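Participant: Chains as they are written, first to last, in the working numbering: chain A, 1 to 477; chain B, 1 to 477; chain C, 1 to 477; chain D, 1 to 477.
Treat the hints with care, since some could be wrong.
Said to hold, decoys possible - Covered by chain A, per the in silico footprint, the following chain B stretches (three or more residues, Cβ under 8 Å):
hint	stretch
1	138–150
2	192–201
3	233–240
To be clear, the hints were calculated from the coordinates, so they are not data collected in a lab. Note that the structure is a prediction, hence the values are computed from the model and not measured. Don't be surprised by glycine CBs; every beta carbon is placed ideally from N, CA and C.
Protein chains: 4
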Amino acid sequence: VVSQSGLFAGVFSRGGVDTSDGAWLQAMLDTEAALARALERAGLAGRGAGEAVTALAQAAAFDAAEIGRLAAQTGNPVPALVRALTSRVPGEAAAAVHMGATSQDVMDTAAMLLARRALGQVAGDLSAAADATARLAERHRDTIMIGRTLLQQAVPVTFGLVAAGWLAGLEAARAQITEVAENGLAVQYGGAAGTLAAMGDVGPQVVALLAEELGLAAPLLPWHTDRQRVLRVAAACAAAAAILGKIARDVTLLAQSEVGEVAEGNPVAVAEVHPAEVAEANPAQPDGRDGGGRGGSSAMPHKHNPVGAIAVLGCTKQVPGLVASLMAAAEQEHQRAAGAWHAEWEPYGAVLRLTGSAACWAAEMLAGLQVDQARMRAHLDAARGLPMAEAVASLLAPALGSVAAHDLIAEAAAAAAARGQSLRAALLESEQVAGRLDAAGISPGQVEAALDPANYLGAAGHFVDAALAAHRKRAEG
Amino acid sequence: VVSQSGLFAGVFSRGGVDTSDGAWLQAMLDTEAALARALERAGLAGRGAGEAVTALAQAAAFDAAEIGRLAAQTGNPVPALVRALTSRVPGEAAAAVHMGATSQDVMDTAAMLLARRALGQVAGDLSAAADATARLAERHRDTIMIGRTLLQQAVPVTFGLVAAGWLAGLEAARAQITEVAENGLAVQYGGAAGTLAAMGDVGPQVVALLAEELGLAAPLLPWHTDRQRVLRVAAACAAAAAILGKIARDVTLLAQSEVGEVAEGNPVAVAEVHPAEVAEANPAQPDGRDGGGRGGSSAMPHKHNPVGAIAVLGCTKQVPGLVASLMAAAEQEHQRAAGAWHAEWEPYGAVLRLTGSAACWAAEMLAGLQVDQARMRAHLDAARGLPMAEAVASLLAPALGSVAAHDLIAEAAAAAAARGQSLRAALLESEQVAGRLDAAGISPGQVEAALDPANYLGAAGHFVDAALAAHRKRAEG
Amino acid sequence: VVSQSGLFAGVFSRGGVDTSDGAWLQAMLDTEAALARALERAGLAGRGAGEAVTALAQAAAFDAAEIGRLAAQTGNPVPALVRALTSRVPGEAAAAVHMGATSQDVMDTAAMLLARRALGQVAGDLSAAADATARLAERHRDTIMIGRTLLQQAVPVTFGLVAAGWLAGLEAARAQITEVAENGLAVQYGGAAGTLAAMGDVGPQVVALLAEELGLAAPLLPWHTDRQRVLRVAAACAAAAAILGKIARDVTLLAQSEVGEVAEGNPVAVAEVHPAEVAEANPAQPDGRDGGGRGGSSAMPHKHNPVGAIAVLGCTKQVPGLVASLMAAAEQEHQRAAGAWHAEWEPYGAVLRLTGSAACWAAEMLAGLQVDQARMRAHLDAARGLPMAEAVASLLAPALGSVAAHDLIAEAAAAAAARGQSLRAALLESEQVAGRLDAAGISPGQVEAALDPANYLGAAGHFVDAALAAHRKRAEG
Amino acid sequence: VVSQSGLFAGVFSRGGVDTSDGAWLQAMLDTEAALARALERAGLAGRGAGEAVTALAQAAAFDAAEIGRLAAQTGNPVPALVRALTSRVPGEAAAAVHMGATSQDVMDTAAMLLARRALGQVAGDLSAAADATARLAERHRDTIMIGRTLLQQAVPVTFGLVAAGWLAGLEAARAQITEVAENGLAVQYGGAAGTLAAMGDVGPQVVALLAEELGLAAPLLPWHTDRQRVLRVAAACAAAAAILGKIARDVTLLAQSEVGEVAEGNPVAVAEVHPAEVAEANPAQPDGRDGGGRGGSSAMPHKHNPVGAIAVLGCTKQVPGLVASLMAAAEQEHQRAAGAWHAEWEPYGAVLRLTGSAACWAAEMLAGLQVDQARMRAHLDAARGLPMAEAVASLLAPALGSVAAHDLIAEAAAAAAARGQSLRAALLESEQVAGRLDAAGISPGQVEAALDPANYLGAAGHFVDAALAAHRKRAEG
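Bound-form chain A, shown alone:
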């Protein structure tokens, strides 16, 4: 059996999505087995044929490498697999193998099965990620931090709102994944050119039974060269990858040494090997100590690499190009495409695998995310009130007129910036300004209140509550 392993598997194949050769083989064999059962139910194969084929349809018993080698003869692995399977099925049951089917029927139906399994895993990991994010949103509903636009500090937000945005995104992605898994997948059974001619009149009946056996939809008609089902799977994965990548990008930015507002909870690794580590690994000092679980370089003790978020990005950044390949390959000729169909198999599996790996990494990373409220507060304080300029201007506008209010604040802000002073100081400790405020009937206390970020959060709490309520409703329902 071929399993999901390999040099890069730790990063790009984490979690339960299996698109290995073994998984493909099993999905192909499951298709053949279901077809045998369907044929038996339709009276087209002898009693017991379904069971006989099903019992033998175990990927572990087949040699993927040999089948892969033989695939060069025909351009796809199905003929070799069918021959290998048929040769094992005893007696008349052998006739039930692949009856009426063409290679693409098996590949396409297997692809749908692969997707159903993979999307189920992805949905599960997205749920876990959403649960973890909901906990963050709840706990930090009122944790104030500076909002950042265009990578510049802007006005205050809460970390709860940040997490709620992630949460709503994860739920949307999960909904699309689930929708496709439940309604977007269909069996393929059309025979040589989509007429099921070899089956006489009973083709559609077998389609229905096959769909029932596999728990997939029965299509209106064979869809060999209408690849929208493939694209729906890909698009759902791309949407999930989009929100996962966005979250991971935020985490890497918030975890920057200079920001430090979040950190991954697991001791995270330094992705470099340093001389000392090499020395440690020397057999003369066989204890092989390194700085602990995932991460923690003893050579660069200040580094806390967000390995989880980095791995998410390593996965998600591969998805758009692969999806483009699938979209371009959807222009398929006549009743079976010469090349475009073949070009789907690798990117299709990769999209599922990478989305699954990213979702798994993200669920773990979010579950362990550590939030540093003090750093968040410190960044706000370090901004010396300037992010509140807008809020103070709003306070002054009714009394002064918006232009005069704006001008006064702009002058104070410029003065504060020039002197390294706080906006508060520039407003309240300048006699001239204080006089103007006083004349306008605005008290220092009102100014202080307007300078308090906690008073300038608008609907942040409302939005957090809305996202949490929607999450709970979905999770419970």
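Chains B, C and D: place on chain A using the hints.
Facilitator: This is chains B, C and D only, laid out in the frame that chain A set:
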């Protein structure tokens, strides 16, 4: 006003989808106007403010080029537009312009409006294409032709089945487009960092009113850096482009000089200019005749270029790369992305425009498609019965055993191929073979029947009927 | 050891390009070994250290799956590999392992080695493909066929010219591949942040020695986050994939049942499994006969699937999306990217592998390509002279004026088309037309000559000769 | 005339690259004019024909929108342009227009001309960017800052080294752009199917003259369906976009509020419109003051949006998807592709335009980049010596053995981290540690030296000098 015109517009901007500068401007202005009305309804703007802004929000009155030039100052065109709009709004109503909003609120909401208008056009053209295709499927339900797999003749199908496959694909694409247009679009209104802080407590109320004014959904929370809505629009377009491209590819192949089973109905153009045309165009011979409407070269009188299908492909082949750009750009930082957001505008508009152009071209092309049943029949006949080998083998298998049946047919087919004979002749005019058939109790009449493609169409008619029924149900419902 | 095998390897991993886990491991180990030798040469490692490390740097001795599993700890496989390698190196030589290096130094240098080996293979297969194509061009220098534009028959060309176009394209691709292999690859050795701080003053010296050991260029400075070298490799592969895909598309089209002007020389397979094949595979009939080598279905005896060309397309169609991933991933932050670097490994390997597989398939396919001159001639004849309309018009123009000449031909062509007549008949057998020609002093012999495609080939032969001469010059020089 | 303007032009069409309709038209007209001159030189057109056509070949005199509308008839704009041009050329010279050519000859040659002009602009802007970067590298050769890997502080580098990395990347991109501009562009002139049949024997001579007239290379043979030239242009642009995007990403990160080590020199804009700005724009206060040139919000006085870098990213992020479209479209059939050729025009122009805009933005941005050495130093200091752990361990290793040295430093670093102490304090102010150092013969002065980042820069200066020298050599040579 900027309109959808230009050197390549005839090919890539056909039909009703408008993503020109004027359309963007109007969508942005519609957003501002709707916001003013929402603010008035919420009591946050004076009576008449909504109407005042709405009356002035006419794209034709603004200078897109100047706004575009100023966009370099801020990185997006909204500030310049807001200034221009505000400067025209008299009195207090001016305060209702852009209140509480940030540039991205306007761009994102405008993008949603653009999509709703464009997707409506696309759905209409897909419907028209589906109607035309349904007529083809109905008329040619039983028109036999050779099916082609891997660009080789395989077994018989009907043109009705081919058209039914197109039809089902067009309906699926239309359903996805409509689903996104109806449920996938939402207003954006979050202010500087998504809290609507400047609106105090009433932000969510304004969101709801704004959504109502525009007929878009109100989101759970601002989605500035969760770009799944953009991706859903893109994915729906990509699915439509996929099936349109598939159909167009089929048409170009079926219209090949050597195949000639279909032709575009409009006199189609030769894409080249020939010396004679140039000569004609000479002012000395000012009549400027060319071979008629779209197409018809007098210099290459045998050419019938399928210009419509070619234009479809010229559009659809651009879509996957653009969608990949949008997917890659979905990794957006914090509360507003530095670059990734900006990178969306051009590909987003292009995806809508190209999908719209392809749908429009396809609807026209399918409406005029001419089907040459005689050529279809001739290709079947020219295959000398060999595509029916499988059918005859099925006839013989019960009597001879499948292997012996298969061997007999294989020998006959090889003999036929070697002598340039028909399979019928190899089976019925060879004494030896005829003897074996006779011994097996198989009559020449049975063999003739098995050689008749009309008897080997399986569920083709069933599938056509199913696709037509689904189309009718949707079209009527 | 992990080898290049698997369920789809027969199609997508043909030929000598090895990007398996084993190949990556070996390239990484080769880098470490070369570094040890360089360090020894620089006096920074003890005598024999280079040899000691080199002797142990055998991929087969390492467990790629285990290293892959551990890669999840750090985000890349290098630390685990370095530990495993170091633990095996006896005594002081261990200190020479990975000295001064960071993980990315090893991954990047290994990627360059992988490319050099892969590009060498690709260049070899492109040469073989070019040789085969040159033979075709030479043999068919004057084999007339119809040229096809927009998938419509246009005017005559020669198959020699078609092949010469392929040849020039293959040579251009080969030149770009070779240029990159020779001048585009450089070692990476910069340490933790690109300063080689741990090496004191001798870093640049070690870079130079390392480059010498590996036969790669020494860069001006470490290029950890300047990914243009990666993109040059990818672009060269994409160019090769482009011409290979173009050739394969031509072959699939020329091999269509209705065209049949070329066929793949190896008996080609039917990509479907048919009932009879299944029956054959039954153990009761263990001879397992199928229609011969690659292809030849006994169930569809008329099919000659161009499996080679299809496999080429199955490979090449995957390349653009993967290259887009690499291009998008080139936006890498600071001194090491958080995710974008990681996102390169899989698509980089895949681009090399798929280009290699496509080149190998193409070389075989072109070497065996069978050309059917009779079918080519038959298609020309079947066009009844209409493709020569332009040529005849040119003949008449001097005497009649180009507009009158054009009109006369257009009328004759229309008449011919209407009556299913040849253009020759319409011109020479119509009394009225013949009279006009006679009056213009144009003899029937001249018309006949103008109708002969062999007289309307322009510079075709010249172009063939030019492409062949350039090929010979390169092959010899 | 159509010019490069529009709603998004300020961001995406900055600088001198012109791919507007007018530029395409002019390139097409230049091709026709050069052909007329070549024909005259070859004796195939009357004396003065070249001059006559050239004089009339002014894009401004043609109606791009009308030509674009007519393009729908034939699928490309050439026939309508040729008719319009021919109708203006007086007398016999008209016969020289488009003689022997096909539409694709004109489009492809125009595309090459467009590229030559655009690549020249790009090369110029890359040179300017390189010059500015070289000044930064020179000025800051020894300006120490913290290096950052995986978005975490790592070990010291210099800003000079950062700039030198940008410089080397810009020079590499420029070299590739120049190489393609000089050697990668060729005329296209092949006629209806690439034989130049209409030209009799003189076709190749006209090709050579045409190439000479236009300053482009003459190809071995017509390359209508070998699109590697298009891909070379695209790949060179993608490489430039890659390094420009990398630099811009670095700038946005270094300019983050919390980092602040660089800032764009021009007062940069806030990309949002704020209430106060709207108020200002009110006609009642018509002075329309805003915070100055590019940037400077009075509402968010602390924001310094790096608009230049953001615009670069807005451009460069669009390139990979467009290049993938071109690569996928390179699979072109026979002698002219049905759709794939057409699909090139828009992405081809967009790739040139966006690369040009990015290069222009980058050159300006880099020329004005402000470097805050104090902030750089402050970040280093704030790291409390921990980035120097590796350096101190190296100091101790000879005396203590590398493992013991490593352990001692790891303990000290952990202690420092736990107590918020500096590594220096943990090493020199702990009696126990000081004792061990003393026993090992290591003086406090040596430890202080090892803790000085200036002593741990390895080859940084060397690398800066190498990059500067290469730049100077290129710039002077």
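Participant: Which of the listed hints are broken here?
Facilitator: Per hint list: zero violations.
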